[in-house]
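Q: Chain by chain, the residues run as shown.
2 protein chains.
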Amino acid sequence: MCAAPAAETGLQVQTTTARRDGGRGGRAGRSAREGHAIAQKPFRQPRRPYSFTEAVSADGLEAIHDASMRILEEIGIDVLHEEVKDIFRKAGAEVDPGSDRVRMDRGLIAEAIATCPAEFTMHARNPAHNVHFGGNSVAFAQMASAPNCSDMDRGRRPGNQQDFRDLVKLGQVFNIIHLSGGYPVEPVDLHASIRHLECLRDFATLTDKIFHVYSLGKERNRDGIEIARIARGVSHDQLEREPSVLSIINSSSPLRLDTPMMQGIIEMSRRNQVIVMTPFTLAGAMAPVTIAGALAQQNAEALAGIALTQLVRPGAPVVYGGFTSNVDMKSGAPAFGTPEYMKAAIVGGQLARRYNLPYRTSNTCAANTVDAQAAYESVFSLWGAIMGGGNFIKHSAGWMEGGLTCSFEKFILDVDLLQMVAEFLNPLVVDDSTLALDAIRDVGPGGHFFGTAHTQERYRDAFYAPLISDWRNFETWSEAGSPTAYQKANRLWKEALAQYEQPPLDPAIAEELDDFVERRKAEGGAPTDF
Amino acid sequence: MCAAPAAETGLQVQTTTARRDGGRGGRAGRSAREGHAIAQKPFRQPRRPYSFTEAVSADGLEAIHDASMRILEEIGIDVLHEEVKDIFRKAGAEVDPGSDRVRMDRGLIAEAIATCPAEFTMHARNPAHNVHFGGNSVAFAQMASAPNCSDMDRGRRPGNQQDFRDLVKLGQVFNIIHLSGGYPVEPVDLHASIRHLECLRDFATLTDKIFHVYSLGKERNRDGIEIARIARGVSHDQLEREPSVLSIINSSSPLRLDTPMMQGIIEMSRRNQVIVMTPFTLAGAMAPVTIAGALAQQNAEALAGIALTQLVRPGAPVVYGGFTSNVDMKSGAPAFGTPEYMKAAIVGGQLARRYNLPYRTSNTCAANTVDAQAAYESVFSLWGAIMGGGNFIKHSAGWMEGGLTCSFEKFILDVDLLQMVAEFLNPLVVDDSTLALDAIRDVGPGGHFFGTAHTQERYRDAFYAPLISDWRNFETWSEAGSPTAYQKANRLWKEALAQYEQPPLDPAIAEELDDFVERRKAEGGAPTDF
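Chain order of the listed sequences is A and B.
Residue 1 is where the first sequence starts when you use the UniProt record's numbering, and the numbers rise one by one after that.
Residue 1 is where the second sequence starts when you use the UniProt record's numbering, and the numbers rise one by one after that.
Extracted from the complex, chain A is given alone in its bound form (with noise of 0.2 angstroms):
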């Protein structure tokens, strides 16, 4: 086992953004001083090198394929929504009298996703964080709708502004966070009916990436979309071109679309903003018990919703999302990041693609505390997601407790689990001067590379610099108390959050933001009753 001392080689480690400074004053001091005390890489989207995992064969995809049109064919969606009962009755769907079910035929449906663009880009504020979406493209979003947060400090609370605020923050300061999926928490503190205003105007002052918009009512939509238009300071016209927030889509499974979904749909493809339509069709429960099973129930939902956006505006951008999963059996409880979760994920890409369409998973995991198992379940999602052809990861930082709460410290793990995929996706360089031939043969049989020149001009930036992974021998992380991944995690979401610096806003757009949120507030925000 080599390990040259520190001593040895007079290597010290510095990664992207130049800190020389590094041995002057406390770790805690210097970030506040500095900035960027936590060195990361510059914004950008990782883009996948490697070729897609597929878990079925092209017959295996036909015959989820086909079942989910005979699903659709037969058997029918509930659709809770007058109007989009109307839009699909005119484009040929056959709507019982008398009820909601929907029946709509293979042709119907590939008639209406025909025109579905197969990649878009979204348009931040800052147009440095615009976000492809689609191809070979991966975007990270932030957790999303927690009904709680937690860190280790004061435990387990559920959602508040103050907590909202510092999520939105920590989403803001890493640069591997693409754009945010929705609320990191909820914040129950607010009132429900002016609570998406103080969200919104929150996402669009305190960060400059792009955000999202709940379908829960159409007036949220509507608020959503001119909060995005008046920060981005562009024009109606302009904003239909240039899609620039999201809402997922999420139906209620089993084959039923429920009037606040439909209303999303209904306003945001026909101002052209994305929708992610996702199923959250878990196996055993929502779904069948079967992964294949579970598919073709998942893809008949999606293309259902996905459909829909193409009769409202063809053209209009929208996303493929899976979220299949399984529950235990035993307790009925979700589980996530399994192996089903992961065949699921893979399969889930490869319908997406059999579409040309853009595919949206998660990052998640069904632990209560940031141990083993959280990361272990969210590698093993992150494994699924991205080698099954994943554009859109949502939930990307923070999730735990297969959802029902977001974690600072989680939060800071799953940001370092994000960047090393992101590294992992950084093409290998073999040429030349990576082949290192003459460094090979000037150390020769038995010496070692720490001093050559071929190493002393790499070694900055030559591996990924991780945030938690603690590298020190047993003796040496012994002495400086023994600290675990979730204390180190802890003490770094306040490092990074004493670094969060709001980004620039022309104060006539802060002016117009606030005219609008209070205007609406004094209106009295949206109905509650959705």
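Mixed in with the good hints, there may be bad ones.
From the derived model, a few chain A residues whose C-beta atoms are all more than 10 angstroms from chain B [claimed, not checked]:
no.: 1; residue: HIS81
no.: 2; residue: GLU83
no.: 3; residue: GLU94
no.: 4; residue: ALA110
no.: 5; residue: ARG165
no.: 6; residue: GLN238
no.: 7; residue: ASP371
no.: 8; residue: SER378
no.: 9; residue: PHE516
Capping the alpha-carbon separation at 25 angstroms, the derived lysine-lysine pairs in DSS-like fashion look like this [what the hints assert, rightly or not]:
no.: 10; chain 1: B; residue 1: LYS494; chain 2: A; residue 2: LYS330
no.: 11; chain 1: A; residue 1: LYS330; chain 2: B; residue 2: LYS41
no.: 12; chain 1: B; residue 1: LYS169; chain 2: B; residue 2: LYS494
Since the hints were made in silico from the structure, they are not lab data.
Quick reminder that beta carbons are idealized off the backbone N, C-alpha and C, glycines included.
Here the structure of chain A is known, so what remains is to put chain B in place on it, guided by the hints.
A: Using the frame of chain A, we list chain B on its own:
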């Protein structure tokens, strides 16, 4: 979020080994009485149903190959063994007079390795535990060669015979451990001259799986081969037809082949036993700081050793081993489970397949405790190993601290990870039954699948049942004392050890083994000046 209570569903998990009396008695008592309290699948090697992931193009692969050939042709490799120098010289290599430097051209390598078998089977004393090497087969071997071991109760300590035996027993208990890759921990309380005799007898009696002999002097190889032969109860001829023991050969990077390792190849290959030729090429230390360069060096060292096996005995079974990782440039400490490690593991597989050889890789981490780091570094390692085409995954269970410690808890955690990987490699079945159209029809929009016949018929083994993952909700988990994965693993290794049963062995064979070992001990064992 769906979480139907068990009371509603009436489902109880039952996995593969039948155990219907689960309600009676305490868990630990049950374990000891029933022998198989920890449910697991039967012994079976996974087969990879997915396409291999490739991290370099065909051109990139050829460039690495070419660089490695130039290393052997132009720089050469130091061989610290006169007989091996002679073997290489007779095969056409250029051997510097008065030095150990051996240069061989690509023609010699190509001709020599052309006789390597692409796949082969190793024979255990229990034929049900035979292991196939190569193709799409995957074999997991327990961690090997740790100087220390640890558990949560007793802390970290130097290896000793009791811990050695306990870890060997754990390797026998779990069906996902297909063979041994060496001493899980080095029993330093046994004198080095007779340590191999005691350890090999333990392997031959406490387990009925394939084991490894160290190449630390030819006497040890010979003793190991003879003990395997006696344990199997076969003739010398049959043993030569049916490879039964393996030995890992590490080059002394950079570019040196040491005496005991060369003796090992001669002894093992001459008897048609298995060599796993594995350079340990740490980029930035004993190999170039660039992964491509480290791989070129790995390939040169590996192919020199592999060529030697075939020059000793054409057709002798041999495995291409890859163990390229990077060091922490701050400290020089080896790092594991890094993005660089993953890419190197994947390219290693491409190289092995280029030469039509089985591929060995590893499940590693640098963590000092069984925390999130231990888990994510291990799963990243497995991601690279599995998608890269690893056939023989060494150090699969127990590895901590870059190999310096074998942890009882990490062993259990890894067993769970390996079982999940095996389940992930289980092909997804797509047919009328799994597509479940009738079940979806019966349940219809808005229903649920808990009580359906389709679910009832399948729920028992529909999903992987984890050893470690705690899927209880936060409240129930908190009431249970908020156990971590580490704590659960601590309980489980004790349960597993309690249910260990010594595999049957013909008393005549046991006596012959004892006679052999005692005779060799009386002779003084093996020299300790290797």
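Q: With reference to the structure, classify each hint as holding or not holding.
A: Cross-check of the supplied hints:
Its beta-carbon lying about 14 angstroms from the closest one in chain B, HIS81 of chain A satisfies the requirement of being farther than 10 angstroms from that chain. A cut-off of 10 angstroms between C-beta atoms confirms that GLU83 of chain A is not in contact with chain B; the least separation is 19 angstroms. At roughly 15 angstroms, the least C-beta separation between GLU94 of chain A and chain B is larger than 10 angstroms, which holds for a residue marked as non-interface. Consistency note on ALA110 of chain A: stated as away from chain B, and its beta-carbon is indeed over 10 angstroms from all of that chain's, at 20 angstroms minimum.
Listed as outside the interface, ARG165 of chain A is consistent with that label: its C-beta sits roughly 24 angstroms from the nearest C-beta of chain B, beyond the 10 angstroms cut-off. Here GLN238 of chain A stays apart from chain B, with its beta-carbon at least about 38 angstroms from theirs, past the 10 angstroms limit. At roughly 4 angstroms, the least C-beta separation between ASP371 of chain A and chain B is not larger than 10 angstroms, which violates its mark as non-interface. With 10 angstroms as the threshold on Cβ separation, the claim that SER378 of chain A sits away from chain B is violated: the shortest Cβ distance comes to roughly 7 angstroms.
Against the 10 angstroms criterion, PHE516 of chain A stays outside the reach of chain B, whose nearest CB is about 33 angstroms from its own CB. With a CA separation close to 24 angstroms, the supplied pair LYS494 of chain B and LYS330 of chain A stays within the 25 angstroms bound. A C-alpha spacing of about 18 angstroms is found between LYS330 of chain A and LYS41 of chain B, which places the hinted pair at or below 25 angstroms, so the restraint holds. Between the alpha carbons of LYS169 of chain B and LYS494 of chain B the distance comes to roughly 11 angstroms, so the proposed pair stays at or under 25 angstroms and holds.
In summary, the numbered hints that this structure violates are 7 and 8.
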